[in-house]
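Start from chain A and add chains B, C and D according to the hints.
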Amino acid sequence: MPIDTRAPLLAAPEHEDLRRALRRFLTSAASVTRARAHAEGEEFDRAVWLRLADELGVTGLGIPEEFGGVGFGLTEQAVVLEELGRELYGGPYLASVVLGAAALLAAGDRAAQEKLLPGIAAGETVATLAAAGVDGEWRVGGPTGVVAREREGGWVLDGSCTHVPDATVADVLLVLADTEQGRGLFVLPAGSPGLSVADLSALDQTRRFSRVELRGAAAECAGTPGDGDRVLAAVLDRAAVALGAEQLGGAARCLELAVEYAKVRHQFGEPIGRFQAIKHLCADMYLAVESSRSAVMFASRALDEETAEAGAAASLTKAWCSDAFLQCAGDAMQIHGGIGYTWECDVQLYFKRAQSSKHLFGGPAHHRDTLAARLGL
Amino acid sequence: MPIDTRAPLLAAPEHEDLRRALRRFLTSAASVTRARAHAEGEEFDRAVWLRLADELGVTGLGIPEEFGGVGFGLTEQAVVLEELGRELYGGPYLASVVLGAAALLAAGDRAAQEKLLPGIAAGETVATLAAAGVDGEWRVGGPTGVVAREREGGWVLDGSCTHVPDATVADVLLVLADTEQGRGLFVLPAGSPGLSVADLSALDQTRRFSRVELRGAAAECAGTPGDGDRVLAAVLDRAAVALGAEQLGGAARCLELAVEYAKVRHQFGEPIGRFQAIKHLCADMYLAVESSRSAVMFASRALDEETAEAGAAASLTKAWCSDAFLQCAGDAMQIHGGIGYTWECDVQLYFKRAQSSKHLFGGPAHHRDTLAARLGL
Amino acid sequence: MTDTMQYGDDAAEEFRGSVREWITENAPPELTGVFDWRTREIPGYRVEQIVEAKRHPAHVEWERRCVEGGFVCPLWPVAAGGRGWNRVQKAIFEEELHAAGVPRIDRGMGEFLVGPTIVARGTAEQQARLLPPIISGQHRYCQGFSEPEYGSDLAGLQTRGAVDGDELVVTGQKIWTSGAVDANMIFLLCRTDPAAAKHRGLTFAVAEFGPHNGFDVRPIRQMSGAYDFAEEFISGARTPLSNVIGGLGEGWSVAMTTLGLERDFNLPTLSLDFLHEFGRMADRVRESGRNSDPVVRQTLARAWSHVAIMRMFAKRLLADEEGTADMVSSTKLFWSEYHRWVSTEDLDLDGAAGMLRPAGDGYPTTPIQDSFLAARAATIYAGTSQIQRNIIAERVLGLPR
Amino acid sequence: MTDTMQYGDDAAEEFRGSVREWITENAPPELTGVFDWRTREIPGYRVEQIVEAKRHPAHVEWERRCVEGGFVCPLWPVAAGGRGWNRVQKAIFEEELHAAGVPRIDRGMGEFLVGPTIVARGTAEQQARLLPPIISGQHRYCQGFSEPEYGSDLAGLQTRGAVDGDELVVTGQKIWTSGAVDANMIFLLCRTDPAAAKHRGLTFAVAEFGPHNGFDVRPIRQMSGAYDFAEEFISGARTPLSNVIGGLGEGWSVAMTTLGLERDFNLPTLSLDFLHEFGRMADRVRESGRNSDPVVRQTLARAWSHVAIMRMFAKRLLADEEGTADMVSSTKLFWSEYHRWVSTEDLDLDGAAGMLRPAGDGYPTTPIQDSFLAARAATIYAGTSQIQRNIIAERVLGLPR
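Taken in sequence, the protein lines are chains A, B, C and D. Per full-length UniProt numbering: the first sequence = residues 1 to 377. Per full-length UniProt numbering: the second sequence = residues 1 to 377. Per full-length UniProt numbering: the third sequence = residues 1 to 401. Per full-length UniProt numbering: the fourth sequence = residues 1 to 401.
Calculated from the structure, these hints are not laboratory results. Just so you know, not all the hints are guaranteed correct.
Taking lysine to aspartate or glutamate and the EDC-like style, the derived pairs with C-alpha atoms no more than 16 Å apart in a straight line are [to be verified]: (1) K263/A with E394/D; (2) K90/D with D9/D; (3) K263/B with D9/D; (4) K263/A with E149/C.
Covered stretches of chain B, as calculated for chain C (at least 3 residues, CB under 8 Å) [claimed, not checked]: (5) 200–210; (6) 257–268; (7) 272–281; (8) 284–298.
Computed footprint of chain D on chain B, listed as stretches where at least three residues anywhere in the stretch have a Cβ under 8 Å from a Cβ of chain D [as the list claims (entries may be wrong)]: (9) 26–35; (10) 128–142; (11) 336–348.
If you're wondering where the values come from, they're calculated on a predicted model, not measured in any experiment. Heads up, the beta-carbon is just placed ideally off N, CA and C, and yes, glycines get one too.
Bound-form chain A, shown alone (with noise of 0.2 Å):
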C-alpha cells in the first residue's frame, strides 16, 4: 500500500496555542495529582470537566458546527488527548467524546445526533458506549452479552457489559445489542429503570471501568439494527488513534520524569543522567515518543481525510503507542531505581496505564495482524 505524500503535516500554530492552553489549564486544575486522588476514590471533578468544556472548547473539537461543534477532526482532538494522557486525567474525554460522539456521527441517525450531539459539544451531556464483548475484548463482530428485543414499537435490552468507560458519571449510555437483524446501536439515558452500572476493579486506577447489567431496560435504536458492526468498525478505528495519542502523552511525560529525575539524583558522586547506561535508555525513549508521535500525526491526519490508508495507519498507531508507553513507563521505573515502584511515584501510575491502555480496543498483536490484513498480506 503506498503511503500518501501529499499532506500537510505540521502542526498547525493553532494546535500548539491549543496545547500550551491546556497544558496550563491542567497543570493547575487537573494535574496527575488529581488523577491519583481520583484513583484513591475521589468523584469525578464535573466542574473541572465543565471548565475544560467552556474554557478550553476541547469537548465540542471533533463534533460538526451543525451539532454545536467546533468541526475539527482527529488531528485537533490528538492535541487534546496527548495533553490528556500527559497527566492521567480521569475524566470521561474517551469515553464521550471519543467513543460517544463517533458512534452517534457513524450510525447516522440525524435525530439522535441532535438530541444528544450538542450536549456532548458542550460537555453537559456525558456519553459512553459499552461495546465490549463478553471477554472485555472491543472487536466488531466479537460475542456480545446484550440481547435487543423489539417491544411496543421501542426496543428493550437484556444482558451486560464489561469494560464500559466511565459509566458510572455518564448521563447516557450507548449500546451495542444483538437484534435478530444483526448487532445495532441503543441509546438509553442514565438512571433508566432495568439499568445498573457497577465500578470494576482495574489494574489502572486512574481510569474507570463499570459492569452494565440490563434488565428489561428501555431503549430507543440510533440508526439501523444490523448496522451496529459497520457503526463499531469506524467507531474503533478513531478509538484507536485516539487512545495513541493518548498513550503518547503519557510516553512522553514518563520521559520528561526520567530526564529529570537523572539530572538531580546522585550516586557514586554522579547524577546518574551522566551514565551512558540512562542516556542511552532515555535516548531510546526519545526515539520511541517521538515516533509515537509520527505514527499519530499521520494516522490522525489519514482519518480525517479518509485516505486509502487510514484503517492501516489506525492499527499501527495502537499498536506502535502501545508498545512505546510501556517501554517509556518501565523504563522511567528502572530509572527511577527503589522510589519508581512505590506507591507514592507517579511512574507507576503511568506504568499501571501504560499496561492497561494497552489491552483496550485490542492488544498490539492483534492491532498488527489486522495492519497485516489492510496491508493485503
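For chains B, C and D alone, coordinates are given in the frame of chain A:
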C-alpha cells in the same frame, strides 16, 4: 514437561584436558587464518584432518568401541565442536563424524556400520549425508529430490540434493531417497558412476556445501527402506545440538575478539571498553555465550542419556545458539567499528557463519515451534 | 563425604533418598493446600500472604518438626546449631521439598546473612547467644544498610552510632528494609567515627527492632499495594556494645562479609519455581486453545528455553563452587530480565481481562498481575541490571573501569 | 513564494505538477529498466553496480537533459549555478522521480558537501572556478577527513600539509574514503601548524585525486565483497594555495561547516526507497503463501510501521526546518537500526536458500544478502548508533556530559 534434576552436570576434568589439547592444536595448525584461506579457495587439508583424528582422537569420540571408536557421546563431542567453531574450522567434522556416523548408527544396519564406522572413527573415511529437501531445508517428511529404485538386487538413485556439506571431500555419501516403501538411507562411494558433485557458492565461505547429482548411480540401502524419516529425525536432533555447540564456540570467540579490541582501541583519549555502552554490549554477549553453554550442556547430556526432554532440549539449543551467535557476531562487528565490516577482519567471517548456521538444519522459529510441540503445546 | 559430593552422583542420590523419606514421613498432608509453596521464591508474592500462610496449623506443626529434626539453617556449621550441609545438599533438600509441594522452613536474613556473619566474625559468646534464637524463630531479622541518598553507594551512609557507656545509641534513617513488617531484630551499619574517611568509622551491630527501641517504622507501599519494605526513622535506638560484630569501626569489613553472602543464591530453587510458573502458563494456554496460535507458541518456547537454561545455570553453580562469583551477576541479570519479560507476556495472554483486578479493598491483584508488578522491582533491587552489567564487564571480562 | 512553501500546500502541489511534467517529457523510457533506481539510497548497492548503470546510454542521455534543464545541484543558489530550491522542492522533485522510477542526477559529495562549503566559505574566484565542474560532472569528489586512529575524533588528525611556494604539499594517510573508486578530486583536512593546539592549525583544501598527484589509493574490501571505501597513502600531493578554502589554519571551522551539511539528510527519498523495499518483501511473502503465517504477518506489520513512521519523520523534518538539528540523530538511528533488523528478517524469510549465493567470481550476492551485509555498516558510519544515542541524550534531552 519436567526438566530433569538428576543428571550430573559438570564438565569432567578429562573434557578440559581435551579442550586444552585441541585448542593448542587448532591455534597452531588450523586457526581462523586457515579457515580464511580455505574460504578463499584453498583445498581441504587432509593432513590436518588426520592429525585431528590420530593425535587428538576426536573423530572416534562419539562412535561405539565395537566400531573402532571411543564410545563417548555428544557431551564429549560438544567440546570438540565448540573448539572447532571458535576457529571456523572448515573440515568435515560435522559432515562425517556427526551426520554420517549418526545416520549409520540410527539406521542400525550392522553390515554398513562394520564397513564404514571404523574408517570414520579413524578419520580415514570421510562421510557426508545428503538429506536436505529441494529447498535446502533438512526436515523430516519434507520433499526430497532423490528417488531410489530396486534393480537387479541392488538400488539405483536418480535426482539431486542440495546443501550437502563437504561432499567434494567425502569418500562416501549417505543419501536419503524416496522409495516405494517410503524414504530410506542409501550408501554409495565417491566417484561412483552417475554421481557428480559440484560446490555451491555460499554466504559463509568457511563451510563448503555441494549439490549432488545422481543419474542412475548404484547404491546400497543401509537399514530398511521406509525407515528414513526415523533415521533423519534422530540425526537432526544430534545435528541440532552439535551445531549449537559449534555456534557456542563461534559466539565465545566473537566475545573475546570484541573484548580484546575494546581494550586496545582508543577514541576520545580512552579505550572504548571504558564506555558503558560497550561494556553493556559485552555483558549481554557474555550472557548469550554462557546461556548457550548451558543449553549445549543440557541438550548433549539429555540426548546421551535419552531422557524425556531430549528432543525439547535439542530444539531449544539450536534456536537459542543460533540467536546468540548472530547477536555476538553482530555486536562484535559493531564494537569493531569500520574495521569490523572489512573483508580483512575475521569478525565478518564469524558473522556470515552465524547467519548461515542459523538456517542449517532449520531456523530458530522452526525450532521454537517444534519445541512448543514437544512441550505438548 | 558430603564435601566432595557432586550434584547427581551416587552419594548425592543417596542423600536425596534419605531426605525424601524424612519429608514423606513428616510433612503434614494438608500443608500443600495452604499455599502454592512451589512459586514462593518468585517475586510477586506479598509478605503478608506468606505471613498468613505460615500461621496455618499445618505450617506451625511442620515448622516444629523441622526445628526438632534439625532441618533449619542446615548450611550452618554443626557447632552453630546447623547441619554443616554443603550447597548441593541444600539444593537437593529444596528440590525434594519442591517436589512434595511443601516449603523449607527458612529464617530469612537471620539464616542467610546475620547468622553466617556472626559465625565468621562474631565471638564465641555472640555465637552462643545470638544464633539459637534465629534457629528457633524467636529472632526475626531485617537489614538496615541502605539510606535514602545511599542505595548502591554504602560508603557514604550517615546514620550515627554513639557509644554511651556500654551501649551504642543509633540515630538516623534507613530505607528499603525488607522484612521489616515481621521483624523484631535488625542488623545495621552506622557511623561511629564521623572524622574517619568515608568507608572507615562504620560499625556493624544487631539491635532490637521496633518502636520500643526508637525505630519508627514506616512501611513503604509498593505499586502492587503490598508493604514489603519499610523506612525507619531511628532516634536513640540502643543496643549493648556486646551486640557489635567485629568491633567498633570495623563495620565496612563486616558488611563486605555480609554482602558476599548475598551470593548464597537460591537459583536451584528459583529455577524450579519458574518452571512451575511456566507450567501454569502453559496450562492456561492449552485450556484457552491458544496453543495453536504460532505467535503464542514462539513465546512459550522462548519462556521454557529460559527456564531450562536457568536450571542448567543452577546446576553449573552447584557443580563449581569456586567459579561461582563470576556467574552470580549473570544469573541475577538473566532471571530478573527473563521474569520482567515473561510476566508481561503472561499478563498479555489475559488480554482485556487482565485490565481488571479482583474486587476488594486495598488493591488486591491476581497472581499474574502480582508477578507483573513485582518483576519490575527485581531488575532494581540487589543491584540494578545496569550495575550487574558493569560487574560482568569489569570483573568477569576485565574491561577497564 | 518558494521560501514559504509548506510541504503539501497549493504552491507545493503546483510545483509538483510542473516537475512531473518535465520528468514525463524528458526521462528516456528505457531508463527505468536499466536499474532498480527506486532502492538506490538503501545501503546494499555496490558502487560498481551503480557506476555501471550510469554508463548506460539512456542514463547518459538523461544526465545530459538534467544538466541542460538545470536540474543538477538544485539546492545551490542560482548564482552558483543551482536553482535555489528549498528542501521541500527537492523532496517533491525526488518523490516525482521516484514515482517515475528514474534517478536524480546527483553529484554526491561535490553537490552536498564541497559545493555548499565553497558557497559558504570560498572566495568568489573559488566559486567561479570550482563549482561549474561539479555541476557538469567533470569533478567528482571524495572526502579525506578520517584517519586510521581518528575516526570519530577529528581534532587529533595527523596528515601534514606544508606550504611550498604557492602550493600546499600534503603527506599522510586517510581512510574510509567513500566514493574514492570513482573520484578525481578530494577535499581534505591536514595539519599545517603542528605547533598549534589540537583543533587549531588545521587546513581545509581541495586537490586533484589519484596516483598522478601522490595519492596511493588502496580500495578497502568490505565483507560484501564490494570496494565502496578506500584508504590512501598520501606522499607529497600538491595543490595550489588557491585551493585552500577559508584560509590556512581555518580548517577546523570550515570542516564544521561541512559536517553541519551532512545534516542535509535524504530521509524523504530514503523512506520511499524503504517503502519500495518493503513492497518487494511483501510480494515475496505473498508469492510463497507465507502471508498466512501469523509470525511472518507480525514481522511485516512491524516493518511497514517503521517505514510509515520514517516517512512521517521525513515530512516533519520538511515542515520544520528550524527544529531539524534535534531530529537528525534520531532519524539516522531509527532508519539504520530498522534496516539492520529488517534486512535480517528479509534474509531469514529465504531460510536455507539464503545460505547460498549466486555463482560467479568475486563473492556476488543477491540484493537481499547485499542489504543484510551493508546494513551492518550503516549503524557504524556517520556516527555509530552509540554516538547517536549520546547526542540525543546530551544535546536534545540535556543530560550532563
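Verification of the hints:
1. K263/A with E394/D: 11 Å, holds
2. K90/D with D9/D: With a Cα-Cα distance of about 15 Å, the restraint between K90/D and D9/D holds, given a limit of 16 Å.
3. K263/B with D9/D: Roughly 54 Å between the alpha carbons, so the hint for K263/B and D9/D is violated.
4. K263/A with E149/C: 14 Å, holds
5. 200–210: Per the Cβ count (0), the hint is violated.
6. 257–268: Since three or more residues must qualify, the claim that chain C covers the segment 257–268 of chain B holds, with 3 doing so at under 8 Å.
7. 272–281: Contact hint for the segment 272–281 of chain B vs chain C: holds, 6 residues under 8 Å.
8. 284–298: holds (count 9)
9. 26–35: violated (count 0)
10. 128–142: Coverage by chain D holds for the segment 128–142 of chain B (5 residues, Cβ < 8 Å).
11. 336–348: Since 9 is at least three, the answer is holds.
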